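Novice: So the chains spell out like this:
Protein chains: 2
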Amino acid sequence: MCYIKDLYKYEGEEVTIKGWVYNRRSSGKIVFLLIRDGTGIVQVVVSQGKVSEDVFGLCDTIPYESSVIITGRAYKDERAPGGYELSFENIVVVSFAEDYPISLKEHGIEFLMERRHLWLRSRKPLAVMRIRSTCIKAICDFFDSKGFVRLDAPLLTPSACESTTTLFEVPYFDTKAYLSQSGQLYMEAGCMALGRVYCFGPSFRAEKSKTRRHLTEFWQVEPEVAYATLEDVMKLAEGLVEYIVASVLDKNSLELEILERDTKLLKKIKNPFGSITYTEAVNLVDMDWGGDFGAPEETKLSNMFEKPILVTGYPHEIKAFYMKRNPQDDRIALNFDMLAPEGYGEIIGGGQREDDLAKLEERIDEYNLPRKHYEWYLDLRRYGTCPHAGFGLGLERTVAWICGVHHVRETIPFPRTIDRIYP
Amino acid sequence: MCYIKDLYKYEGEEVTIKGWVYNRRSSGKIVFLLIRDGTGIVQVVVSQGKVSEDVFGLCDTIPYESSVIITGRAYKDERAPGGYELSFENIVVVSFAEDYPISLKEHGIEFLMERRHLWLRSRKPLAVMRIRSTCIKAICDFFDSKGFVRLDAPLLTPSACESTTTLFEVPYFDTKAYLSQSGQLYMEAGCMALGRVYCFGPSFRAEKSKTRRHLTEFWQVEPEVAYATLEDVMKLAEGLVEYIVASVLDKNSLELEILERDTKLLKKIKNPFGSITYTEAVNLVDMDWGGDFGAPEETKLSNMFEKPILVTGYPHEIKAFYMKRNPQDDRIALNFDMLAPEGYGEIIGGGQREDDLAKLEERIDEYNLPRKHYEWYLDLRRYGTCPHAGFGLGLERTVAWICGVHHVRETIPFPRTIDRIYP
Numbered sequence: 001m002c003y004i005k006d007l008y009k010y011e012g013e014e015v016t017i018k019g020w021v022y023n024r025r026s027s028g029k030i031v032f033l034l035i036r037d038g039t040g041i042v043q044v045v046v047s048q049g050k051v052s053e054d055v056f057g058l059c060d061t062i063p064y065e066s067s068v069i070i071t072g073r074a075y076k077d078e079r080a081p082g083g084y085e086l087s088f089e090n091i092v093v094v095s096f097a098e099d100y101p102i103s104l105k106e107h108g109i110e111f112l113m114e115r116r117h118l119w120l121r122s123r124k125p126l127a128v129m130r131i132r133s134t135c136i137k138a139i140c141d142f143f144d145s146k147g148f149v150r151l152d153a154p155l156l157t158p159s160a161c162e163s164t165t166t167l168f169e170v171p172y173f174d175t176k177a178y179l180s181q182s183g184q185l186y187m188e189a190g191c192m193a194l195g196r197v198y199c200f201g202p203s204f205r206a207e208k209s210k211t212r213r214h215l216t217e218f219w220q221v222e223p224e225v226a227y228a229t230l231e232d233v234m235k236l237a238e239g240l241v242e243y244i245v246a247s248v249l250d251k252n253s254l255e256l257e258i259l260e261r262d263t264k265l266l267k268k269i270k271n272p273f274g275s276i277t278y279t280e281a282v283n284l285v286d287m288d289w290g291g292d293f294g295a296p297e298e299t300k301l302s303n304m305f306e307k308p309i310l311v312t313g314y315p316h317e318i319k320a321f322y323m324k325r326n327p328q329d330d331r332i333a334l335n336f337d338m339l340a341p342e343g344y345g346e347i348i349g350g351g352q353r354e355d356d357l358a359k360l361e362e363r364i365d366e367y368n369l370p371r372k373h374y375e376w377y378l379d380l381r382r383y384g385t386c387p388h389a390g391f392g393l394g395l396e397r398t399v400a401w402i403c404g405v406h407h408v409r410e411t412i413p414f415p416r417t418i419d420r421i422y423p
Numbered sequence: 001m002c003y004i005k006d007l008y009k010y011e012g013e014e015v016t017i018k019g020w021v022y023n024r025r026s027s028g029k030i031v032f033l034l035i036r037d038g039t040g041i042v043q044v045v046v047s048q049g050k051v052s053e054d055v056f057g058l059c060d061t062i063p064y065e066s067s068v069i070i071t072g073r074a075y076k077d078e079r080a081p082g083g084y085e086l087s088f089e090n091i092v093v094v095s096f097a098e099d100y101p102i103s104l105k106e107h108g109i110e111f112l113m114e115r116r117h118l119w120l121r122s123r124k125p126l127a128v129m130r131i132r133s134t135c136i137k138a139i140c141d142f143f144d145s146k147g148f149v150r151l152d153a154p155l156l157t158p159s160a161c162e163s164t165t166t167l168f169e170v171p172y173f174d175t176k177a178y179l180s181q182s183g184q185l186y187m188e189a190g191c192m193a194l195g196r197v198y199c200f201g202p203s204f205r206a207e208k209s210k211t212r213r214h215l216t217e218f219w220q221v222e223p224e225v226a227y228a229t230l231e232d233v234m235k236l237a238e239g240l241v242e243y244i245v246a247s248v249l250d251k252n253s254l255e256l257e258i259l260e261r262d263t264k265l266l267k268k269i270k271n272p273f274g275s276i277t278y279t280e281a282v283n284l285v286d287m288d289w290g291g292d293f294g295a296p297e298e299t300k301l302s303n304m305f306e307k308p309i310l311v312t313g314y315p316h317e318i319k320a321f322y323m324k325r326n327p328q329d330d331r332i333a334l335n336f337d338m339l340a341p342e343g344y345g346e347i348i349g350g351g352q353r354e355d356d357l358a359k360l361e362e363r364i365d366e367y368n369l370p371r372k373h374y375e376w377y378l379d380l381r382r383y384g385t386c387p388h389a390g391f392g393l394g395l396e397r398t399v400a401w402i403c404g405v406h407h408v409r410e411t412i413p414f415p416r417t418i419d420r421i422y423p
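Protein chains in written order, with my numbering: chain A, 1 to 423; chain B, 1 to 423.
It cannot be assumed that every hint is accurate.
Identical copies go unnamed one by one, so any copy, or any two together, can satisfy a pair.
[Claimed, not checked] Computed list of lysine-lysine pairs in DSBU-like fashion (alpha-carbon distance at most 30 Å, straight line): (1) 235 x 5; (2) 176 x 146; (3) 251 x 268; (4) 76 x 146; (5) 251 x 146; (6) 270 x 137; (7) 176 x 76; (8) 210 x 372; (9) 29 x 146; (10) 146 x 5; (11) 372 x 9; (12) 146 x 235; (13) 372 x 268; (14) 251 x 9; (15) 105 x 29; (16) 235 x 137; (17) 235 x 9; (18) 307 x 319; (19) 29 x 270; (20) 146 x 124.
Just so you know, the hints here were simulated from the structure itself, not pulled from any lab data. Model, not experiment: these values are computed from the prediction.
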């Protein structure tokens, strides 16, 4: 057995591939079968006269997505997508497919999402999933190479980390738990033990808004570094994003081509990215100082730069309770957001954490958070507190930008939104 | 600034480390401070007379876990754990710790678990977490090197995958969802699209049993391969486990030493592991044919072999609905479990999946599962079904075995059990 991506190793030899009928062209005397096997697509050339009438008829009519085992001889053809074709020798039909609901014509997004388990077999979703997989591997390799220890945060938690209005509550035996919105608080405990840690897993937000940037279940990677400042983690974030983009350019040129992605833009993603202050940003988009950027402002800002832009020093009121404030100007937080270019907007949020016990206690009260759920978090300030900082990178938003896909729902295998938990 | 693990690069030079006071020995005229920074522990030698009385007094009394920045000169000392010590030059106290609740004396497990956020700073939990991190990286590298695409399964799902009695239900806007017990069904969709896929993330089981092998939230990696048989994935599982153990032996000798792990046993973990049938296994432990192994039987079996043992062909009644049955003997499933040695028991469960539509429909009805939630899963048998197989490896059980830790709760950063969701 041979995978389609490995055909080049078997030039002139007889090989057997196991896959599915992806498409077909017929010209009367020749049938061109496109077979996919998950690693690639290859064209199999079936000539009338060279095979029995039955076999030719079978190849000419077999339904799309039927599973087949095909034997043939591999030969080089520069016009073929993978550079190789197969001359047909034999076919074994593993299973005839029923009438396949997804055709190459355009379908509505709801129709496709309802059939996500099948739609994943199509060329574009396949390309996006391969790029997502590359991004995940790049993230793990990046942190591993820098000496970070992976320390996964729990998803069942006793308390909120970000906004309490977007929490999913879970009955938990005789009590209740919440699905984690972020692993950050746990990473703060982790960095006090291991210096540099990261978690990488799903997070949940009961988002009622239907926007192209929101899912109820999404993946994020969250590094946290003891004795680090805002500037330190801004550099770390730039390094990470540069590394992810470079990995995709290196490994997924075929997929980027399928997605018709302009790689010239991606090749510009090199450090340093550059940063502006929140105050400069609000001026750029004609907004009043104090509020958060809405989707239109974020898109506008994000369109102004060729590379991701780091925006620093937001008003602390619109940021989470744990953000440290600027000692020179108490109105603003020691934080940053990274906005991807081409209108994609925020892919990273991070900053330095409040490390002073008294101030943090005050904030927790101010934000009306239940103190007893945060006692363990306050312990981190009682026993050897120190400056520390970190950030969270949203995987789906990053993949959407790199792929040039408009909506994040296409960047996760099985998206979850306010009106979708199926399939 | 210098990390303790890098001290060897700076022999004879003045370096600054940032960390916490881990321990201290005093001999009147000399104070030995043990400083940890997450990457290691180094002994700092403070001699009376060479520093001011104030500084000496400070070093002699500073509370454990206070955060400190220490400057000193690195020198080689073969007796030191990392091979290097620091002669003291200067100390800056970042924060004096309150009276630290965890001492080097023995504490009860509940006392420590309630302070897990601090306990993680101790030598043994640190070693286990480093080994866990190595295992995760090894798993990702293994599947990446074999051409698998990582395809994460959703955690919010409309239906049960394994037992319906251990589901966590989540109110989801106007409907309800369940926390995923396994990503397998989604991986079956994935392998029909991408050939070889795996997911790696948390799973949930509302386990009421308090055993050393169960958590309500645990991590598992689940590969699934199209056109693969039971035998194919058994080989894959052996390769994976061999690779994980070899990675830990390679990268974590220091941690294994801290855990007093007998590495002679781990060094024997080489392919092939060997397999026995379920029928042979029940005879070995004097059990009646038909039931599942209880904890005592599993422990007994697991103690009989030096390497992990693969047990194949369980009665289908005690396995999930999606298991394919042996065509030669309809009573048994085409499945396998892998039991780790030394009494650790099951770390992997897997097998070949039912690929026949009619049989699968029958099973779903037999198991009283709601058909409409499985329509998408049945689609995989309608459109190009083929033999396929996969397995799930439980991360915490694997780490427990490799570390020689008795209870899985010590192998995850923040364990969740029936009576614990804090911290």
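Novice: Give a verdict on every hint.
Specialist: Here is what the structure says about each hint:
no. : hint      : in the structure
1   : 235 x 5   : between (37 Å within a copy, 22 Å between copies)
2   : 176 x 146 : neither (38 Å within a copy, 41 Å between copies)
3   : 251 x 268 : within (17 Å within a copy, 36 Å between copies)
4   : 76 x 146  : between (42 Å within a copy, 25 Å between copies)
5   : 251 x 146 : both (21 Å within a copy, 15 Å between copies)
6   : 270 x 137 : both (19 Å within a copy, 26 Å between copies)
7   : 176 x 76  : neither (62 Å within a copy, 53 Å between copies)
8   : 210 x 372 : between (34 Å within a copy, 26 Å between copies)
9   : 29 x 146  : neither (59 Å within a copy, 39 Å between copies)
10  : 146 x 5   : between (32 Å within a copy, 13 Å between copies)
11  : 372 x 9   : neither (63 Å within a copy, 45 Å between copies)
12  : 146 x 235 : within (13 Å within a copy, 33 Å between copies)
13  : 372 x 268 : neither (48 Å within a copy, 48 Å between copies)
14  : 251 x 9   : within (19 Å within a copy, 35 Å between copies)
15  : 105 x 29  : within (26 Å within a copy, 84 Å between copies)
16  : 235 x 137 : both (20 Å within a copy, 24 Å between copies)
17  : 235 x 9   : between (42 Å within a copy, 24 Å between copies)
18  : 307 x 319 : within (24 Å within a copy, 52 Å between copies)
19  : 29 x 270  : neither (53 Å within a copy, 54 Å between copies)
20  : 146 x 124 : between (33 Å within a copy, 23 Å between copies)
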